[in-house]
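**Q** Each chain, letter by letter, is given below.
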Amino acid sequence: MEAFSPLVNSATDLSPSASAWRTWLGENAPRLLLFARQQTRSNEDAQDVLQDALVKLVEKIRTGEFVGGQEAWMPYLYTAIRRLAIDLSRRDDRRKRREDTVGEDLGTEQQEAFHPWFESDASDDETRALLEAGLKELPPKFAEVIVMKIWGERTFAEIGEALDISQNTAASRYRYGLEALKRKLGGARRKGDL
Amino acid sequence: MNTEFQELENRLSAMRPAAPDDGLLSRLEDAMEDRLALPVVEDARFEAMVRGAKPVKVPAELMVSLESIVATTPFPLDDNIVLFTKGSAAPGFKRRYRPIAAAAAVACLGAATALFMPTSPRGSSVVENSPIVHGKHPISTPGYVPASFGRNVEDASDEGVVLKDGKPHRVMKIVYKEQGSFINAEGKKVEVEQPRVEYILVPEKAD
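Those sequence lines, one after another, are chains A and B.
Following the numbering used here from start to finish, the first sequence increments by one per residue and tops out at 194.
Following the numbering used here from start to finish, the second sequence increments by one per residue and tops out at 1207.
Just to be clear, a hint being listed does not mean it is correct.
DEER-style ranges, computed between Cβ atoms [claimed, not checked]: (1) B:1008 <-> A:125: 53 to 59 Å; (2) B:1184 <-> A:24: 37 to 43 Å; (3) B:1153 <-> A:95: 55 to 61 Å.
Residues from chain B that keep clear of chain A, each with C-beta distances beyond 12 Å, as calculated [what the hints assert, rightly or not]: (4) 1019; (5) 1021; (6) 1147; (7) 1153; (8) 1183; (9) 1187.
Derived pair list, reagent style DSSO-like, types lysine-lysine, alpha-carbon separation capped at 30 Å [what the hints assert, rightly or not]: (10) A:141 <-> A:182; (11) B:1057 <-> A:56; (12) A:184 <-> B:1057; (13) B:1167 <-> A:141; (14) A:136 <-> B:1054; (15) B:1188 <-> A:56; (16) A:60 <-> B:1167.
Derived by calculation from the structure, the hints in this document are not laboratory data.
Glycine is no exception: its CB is placed at the ideal position from the N, C-alpha and C atoms.
Model the full structure from these sequences, guided by the hints.
**A** If you want it as structure tokens, here you go:
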């Protein structure tokens, strides 16, 4: 089976399949986690949603229900993450109506500070922090397009399909979101924060 | 009451909608000219700066969890080839019949003729892993004719499920030992023994 040999198994105890999955996850999981973070209210929710989305993909691959090759995995996962996040949000809303949640939001915000969305680089940490804050402040419908376009490297057509909007709407939201983000960072720069 | 209502209506109708901002006008123009999806030069620098921020790496414990989710799923390289897992199994896939027996039956049907066929690729759904033969093969040596042959199935294993033409197929690995003897006009006899591994695709029923 020569077709398998080009994939070098770096860890001798890993099967070729496990090694390939590890490489694939190493490349794509951070992008998916970032999108999940943008779609959910907490780091824990984002991790849950990402895992659930991967379970759905794997089940479809196993049963032969998945349509398309490897290139279709990421669009599928983006769509799955978004749907799962919406479901989770609805469940949380119902639960919150039943429970007394005084102080919970503050706790969540404090927790989020310990789970940054982007890698920290000491030389440019301020910019990263402002960018992250700006992205979080953006209306979600703009932020999700920016996250999918820039870090997910999706086309507007793919984004449109995942979000159930037209390609032009996706492109328009991206442009608007980027302009808004630029204004936010420009404002910070003028104030001397940047 | 009607007078008050009329006054309010007059005030409202005197109001003029705010003009759209330049950014919206620009986007509308681009949409009309089908240029909305094209990159904007003025935004390129800012976009590059934003792109410079790298998403955080996945925490180690989450990575372990993600790897455990995919651990038993063969990684598909394309429609026809998957990388097998260490256990060579695809759990969660309900078996409705005994694919090993079915595959072995298919294999035995072809066994009688297989030994004397050329060892070139067969171009069928059967993936063949023939042993590499160095030097001149006795079968192709002039003057020798086949005297006897035998082929035993030494091992058969389930290697998981692959997709072929969008349909699930179970991959059966069959390991044979082929034995043959050849004799020439002088009565010299040559005995040959070689292993052969074949991968057979058996259509798998799915729910």
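**Q** Honestly, which of those hints from before does the structure not fit?
**A** 2, 5, 13, 15
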